[in-house]
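J.: As you go down the protein sequences, you meet chains A and B in turn.
Residue numbers for the first sequence, in the working numbering: 143 to 255.
Residue numbers for the second sequence, in the working numbering: 110 to 227.
Incorrect hints may appear among the rest.
Claimed, not checked - Straight-line distance between alpha carbons at most 25 Å, and here's what the computed DMTMM-like set of lysine to aspartate or glutamate pairs gives: (1) A/K243 / B/E126; (2) A/K243 / B/D131; (3) A/K243 / A/E201; (4) A/K183 / B/D131; (5) A/K183 / B/D164; (6) B/K112 / A/E205; (7) A/K243 / B/D164; (8) A/K243 / B/E124; (9) A/K183 / B/D195; (10) A/K183 / B/E124; (11) A/K243 / B/D135; (12) A/K162 / B/D131; (13) A/K162 / A/E205; (14) B/K112 / A/E201; (15) A/K184 / B/D164; (16) A/K183 / B/E153; (17) A/K184 / B/E153; (18) A/K156 / A/D207; (19) A/K243 / B/D138; (20) A/K243 / B/E153; (21) A/K184 / B/D131; (22) A/K184 / B/D195.
None of these hints come from the bench; they were simulated from the model.
Letter by letter, the chains look like this.
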Amino acid sequence: GAVVSQHPSRVICKSGTSVKIECRSLDFQATTMFWYRQFPKKSLMLMATSNEGSKATYEQGVEKDKFLINHASLTLSTLTVTSAHPEDSSFYICSARAGTKSPFGSGTRLTVV
Amino acid sequence: AQKITQTQPGMFVQEKEAVTLDCTYDTSDPSYGLFWYKQPSSGEMIFLIYQGSYDQQNATEGRYSLNFQKARKSANLVISASQLGDSAMYFCAMREGPFSGGYNKLIFGAGTRLAVHP
Chain A
143 GAVVSQHPSR
153 VICKSGTSVK
163 IECRSLDFQA
173 TTMFWYRQFP
183 KKSLMLMATS
193 NEGSKATYEQ
203 GVEKDKFLIN
213 HASLTLSTLT
223 VTSAHPEDSS
233 FYICSARAGT
243 KSPFGSGTRL
253 TVV
Chain B
110 AQKITQTQPG
120 MFVQEKEAVT
130 LDCTYDTSDP
140 SYGLFWYKQP
150 SSGEMIFLIY
160 QGSYDQQNAT
170 EGRYSLNFQK
180 ARKSANLVIS
190 ASQLGDSAMY
200 FCAMREGPFS
210 GGYNKLIFGA
220 GTRLAVHP
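Construct the complete structure from the given sequences, taking the supplied hints into account.
T.: As structure tokens, then:
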């Protein structure tokens with residue numbers, strides 16, 4: 143139980159375009175989801191906390207207008223990277239709280255060219 | 110201040126032997142949870158083991174055990190009988206309780222890369 147599905151697993155986009163990443167809880171309801179970013183050979187950095195039905199809480203230094211988060215239902219949170227730049231290329235991964243567990247999606251590798 | 114510290118950037122172990130990955134944490138919240146995740150080269154985060162701050166016994170999950178020393182604020186991961194497939198990055202993480210700001214979120218250590226040699 144407590145499975146999180148994340149799509150797409152890989153995406154390549156052109157500079158200036160927007161990319162949407164989806165994170166779904168498959169067998170439980172996730173009132174809270176988390177979005178992380180990971181640079182090569184580095185740890186996970188929390189970007190924002192997504193709460194169903196309310197605005198996301200962003201960590202210090204994360205641009206709200208660049209990384210749009212929507213949590214419209216108890217099973218779906220989306221991260222949209224707007225006006226993507228090559229420096230936005232990274233590994234993005236989501237997580238949800240499920241009791242004591244914190245399952246993760248499989249991650250999305252974004253490359254902006 | 111760093112809340113989760115993993116001091117071993119890299120470790121190697123011989124197949125079938127045991128290995129301990131270190132993790133220390135810092136929190137003033139009496140209620141917290143400690144996690145270990147494995148991240149293979151594919152990038153997915155695989156949950157290994159969880160220890161609650163009020164748990165009396167050390168957590169165990171198959172070949173994984175957590176050496177929880179509350180007074181020392183350490184939560185080391187012990188992998189017994191290492192296998193080649195254990196080669197990966199390992200992250201220690203903490204989730205603080207409701208008395209801390211940012212309830213629910215996980216804070217990660219820098220990670221330890223484990224290499225298992227045949």
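J.: So which of the earlier hints does this model not fit?
T.: 1, 5, 8, 12, 15
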